[in-house]
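Using the hints provided, position chains B, C and D relative to the given structure of chain A.
Residue numbers (the working numbering), protein chains in the order written: chain A, 2 to 130; chain B, 99 to 418; chain C, 402 to 548; chain D, 224 to 885.
Hints may contain errors.
Listed below are several chain D residues computed to face chain B (Cβ distance under 7 Å; list not exhaustive) [as the list claims (entries may be wrong)]:
(1) Ser-694
(2) Asn-811
(3) Ser-863
(4) Gly-864
(5) Gly-870
Computed footprint of chain D on chain B, listed as stretches where at least three residues anywhere in the stretch have a Cβ under 8 Å from a Cβ of chain D [stated by the list, open to error]:
(6) 186-194
(7) 376-388
Rather than coming from a laboratory, the hints here were simulated on the basis of the structure. We put the CB at the ideal spot given by N, CA and C, even for glycine.
Residues per chain are reported as follows:
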Amino acid sequence: MNKSDLLAEQIREISGVNPKKCMKCGKCSATCPSFDKMDIKPHQFVSYVDNDDIEPLTKSKSLWHCLSCFACVERCPRGVKPGKLIDAARQIAERQRGGDYLTPDEIPELFDEDTPQQLIVSAFRRYRK
Amino acid sequence: MQELINRTKELLADGTVARVLGWRRGDLPTNPEPAYFNDGESLSEFVYNGFCGANLSKYMIEASELDGRTLVFLKPCDTYSFNQLLKENRVDREKAYIIGVGCKGKISEASLNAIGIKNVIDVKGAELTDACDTLTIETLTGNTTCAYRDAMLERCHVCRGKEYVVYDELIGDSADTVDGDRFDEVRKIEAMSPEERFAFFKAELSKCIRCNACRNVCPACSCRKCVFDSTKFDSAQKANSDSFEEKMFHIIRAFHVAGRCTDCGECSRVCPQGIPLHLLNRKFIKDINTLYGDFCAGESAEGATPLTSFTFGDAEPGTV
Amino acid sequence: MPMNDNAEFRPKIVAFCCNWCSYAGADLAGSSRLTYPADVKIIKVPCSCRVNPMFILRAFEKGADGVIMCGCHPGDCHYSTGNYYARRRMTLLFSMLDYIGVEHGRTRVEWVSAAEGVKFSATMNEFVEKIKSLGKNVRLGDLRCRS
Amino acid sequence: MQRIGVFVCHCGSNIAATVDVKKVTETALMEPGVVHAEDYQYMCSEAGQAKIAAAIAEKNLTGIVVCSCSPRMHETTFRTCAERAGINPYMVEIANIREHCSWIHKDVEEATKKAVILMRAAVAKVNLNTPLKPGESRVTKRALVIGGGIAGIQTALDIADAGYEVDIVEKTPSIGGRMSQLDKTFPTLDCSACILTPKMVEAAAHDKINIYTYSEVEQVSGFVGDFTVDIRKKARSVDMNKCTGCGLCQEKCPSKKTPSEFNRGLNTRTAIYTPFAQAIPNVPVIDREACIKFKTGKCGLCSKVCAAGAIDYEQKDEIITRKYGAIVVATGFDVIKLDKYDEYAYSQSRDVITSLELERIMNAAGPTKGHLQRLSDGREPKNIVFVQCVGSRCADERGKSYCSKICCMYTAKHAMLIRDKYPDVNVTVFYIDVRTPGKNFDEFYRRAVEEYGVNYIKGQVGKVCPEPDGSLTVYASDLLDNKQLRMSADMVVLAAAIEPSASVRQIATMLTASIDTNNFLTEAHPKLRPVESPTAGVFLSGVCQGPKDIPETVAQAGAAAVKAIGLLAKDKLMTNPCTAKADELMCNGCSQCANVCPYGAISYETRLVMGPGVRENRRVAVVNNALCQGCGACTVTCPSGAMDLQGFSNRQIIAEVDAICR
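Here chain A stands alone, though its shape is the one from the complex (with noise of 0.2 Å):
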């Protein structure tokens, strides 16, 4: 296994998602609010995944832009879930750059002023128990 599929295999793992149950409906896609600031969009994520094509997930724009909204995870018809997709591409990303679990006091002075408020929100809802 070389390292782009071991990767890939990592993203199915931590998301639970099995990218061969997408149709390729697009319902994910449609309704997602961050779709014009992404470069590879949330219905791409799933193919991307199936392909074992991680290295341009992890160096992609929307991994900071995806707001966690959930939507396409509510909608989607086939149970393939994007939004968890994108998810566990953040957390490699994170991996890669070294980054670890933060403690509460390390937060504050990530933020920046560009950061939006929703991400924030939905970050506290995606890891309450």
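Just chains B, C and D now, with coordinates in the frame of chain A:
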């Protein structure tokens, strides 16, 4: 007892009944045995006392084939067995003249042994003439006494009641004997760990000698040919040749009478090895009551039994 | 005989399948190539209500480590009501086996329709795992117990 | 002692690749009773069957074991083969070493071991087999069709034309079904009513067809050739014989507020009503829930205006009990409820509609008299968006996993009709895939795109938002352009998934016909017996078996009719010989077995029983072979084992158990 004999003589004399099914004195004073009496004279051997635990209803299967009516004495609990047999078309109501006899709890020598009174020669105080308080027992080692209640069969401590579900006439009073819950013992076993349960039944069932006394006495176990004697299942009795069969025998026997067993307790009473066989039957009764609603075999001579009926929402196997 | 630790324990498992739903479900599992261990051997019966408790005990007597019965889903019995009777019988029988201390997991009932090849295979995989974890069936044999 | 032959099939490589067939063959020869064993490439082939026949003749075989595919596949083949070669067909047993062995195991050694055990079990069983002879039962020459849509009508017409009596039971007040609600049909665009109405009239006029509308099947008993069915004819409150169908009662009825079922609730109807103008029978019914007379006791206007005196408030439900030889299920479909798809705003805006509602809007007899308009304000829409696959192809519990099959084509039809009649209306179709397998189907779809300028966009709609100005904003993907679209529309049409009618579950239970996880009735074989239910004598017509368009439904309706006719044409049926049988020497006559028999096949007789040491009159159980279906419930209820099942006897099953556990 004299009242029973007098009435019996009347019924024999006026031709109402052709014979009488009752108890007569056995080899020992503690084991009266079921017997037919064909005339007033033979009634001299008739007994009815505290040791007459035997349930006579099963003999009515045979008596139903005979000419004329048979007078049979049934205790309250025995009437349930008779009713169940009636439901299964095994006895003929028209051929039976049922005298419901009073019962003040039945005692046994095994119960005496259990409280330490052994080598019994004779017992006084079981004649049912008084309130049945005290027994005076003559033993090889001298006389002793005990409370009547302490010599009672387990089944009488959890007696279902004084009601007769079928009879032609009643003679004698019954006493309240209940001082326990009949499912307590089952609950106790259920509360054990699987290992303890296994050890318990292993110890008990290991005693079985396959004498078939339980089967022969059981009013529900009245097949013309038992499956364990039949070639139809390749399970014909091979005494002790394959010991698994003993366990299989007791589970299957309990299963075959499930929903039909009236909990008369005869199986445990007659077991020469003292195996508490009623615990198997009662487990089924308890499960049936819990899962499918209270059901009392023999209470009615009509209707389906729990195993020949169902509801759409029954519990799933393995969930209980 | 003590178990050889190196040799993998291969249980003997008898599966009673009704002709109309579960046997067909097993066929579907086969034609869909959904594997399950070869330890499972299927006996075809017309309906789950044909399964006599005698058969189940007989299997244990002859050395089976687990017995599973599969039938049509309640309400879908080909004979309309057969599985309802089977359900009561097996509920009581299994409860009794549990009562005398035989491990609960050695017996199982599962309703499998003709369309549920996936369920059939998954059930058998699960059941075999369960039996493997319980090990060889000694209790039912041991009750015979010449002490 | 039996003389058994064991025949091991390679099934090409299907079996032989995983099972060492030679080893199975060799081992077979060591089994008790086996005098012959051989293997062959394809046992079911003519050459394979010839080998079996030859071995029977040469070795004087009395029983046969074929180790091959599932008995559901070729048991009949091998039984017929054995019968031709002169031994009883029930002396044949199959060891299923394909579906239950070679196909699911990979290791050759393991699979071979299992195959040997399965072979042993089959040999052990055959050792105890006895020749069985099928009984005979009568066939009632009358068919019942449940459902009066196009499927039911076509099946009834075909059966009736063959000369057999047919009854149609329809739960609504008129036959016609879903097709009567449609405006035009694809791919020819002819008017649905124009082609359906003549069929309805033909069915009503046919002297062999009897129609029970406003009726439901209440109870079914019996079996193939001899079903007994109770039909509940609900009280119509109108005398069918007196009513002239003048319609005056409906004009005068003051209760006008009930949503019209026929128009999908888009408008209302009166309490006394016929669902639509061409209804058959053209006799109204009184909806007692809505009728003022039934609710308050006052009114009675319809009775006053009815010159024929047909109104009968006292009418009661009637139960009709009839015998049938065959039953055809044609219960059709409904559109799924959309409450779980609120992102499409179906519950929030009247301008978001289903395709079936659009069908009524487009229809000249519909709530808008055929004029395309918004239901909210009556304006003609300028931009219409069609959303495909709403609830179809859905992996979660919100929708259905299957493709509803008809939506792509009817959407193309709708788009085309709208563009044709209203050329300035923009029509956009959001699709995931356009599926057009069918004669002239793709050509039809291409015409919509190329000639009618319908805008097809690949991508699903994510949500629909009703705006304060009454318009609808549609958020969607354009996957080919990799764009997110935000589009304003006046009307959104949802291609909602179709599902079997809710009543089918109950009917399937009554018929003991099996249904799948989606409530579609299961066919006896998905490829080779697609119009028969596994339950003998029950046939499937139309969407109750799976999604279909009209031509397919009509074709299947005809096929179901042919199967029913094939059954009705027989005078007698051979019955399954694997029936229960009581050993009268052992029977207690305890009556328990009759309690569990679903067919009432067990009765009790007092008769002279003779056996070793026995000669007496006893009450014993007697099984009626024509009624017994061989489930075996009685055999387990019988404590003594007097009741046994032929072909699956206690000893046979125990022999199998022993062989497997050996």
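Sort out which numbered hints this structure fails and list those numbers smallest first. Numbers 1, 5 and 7, in rising order.
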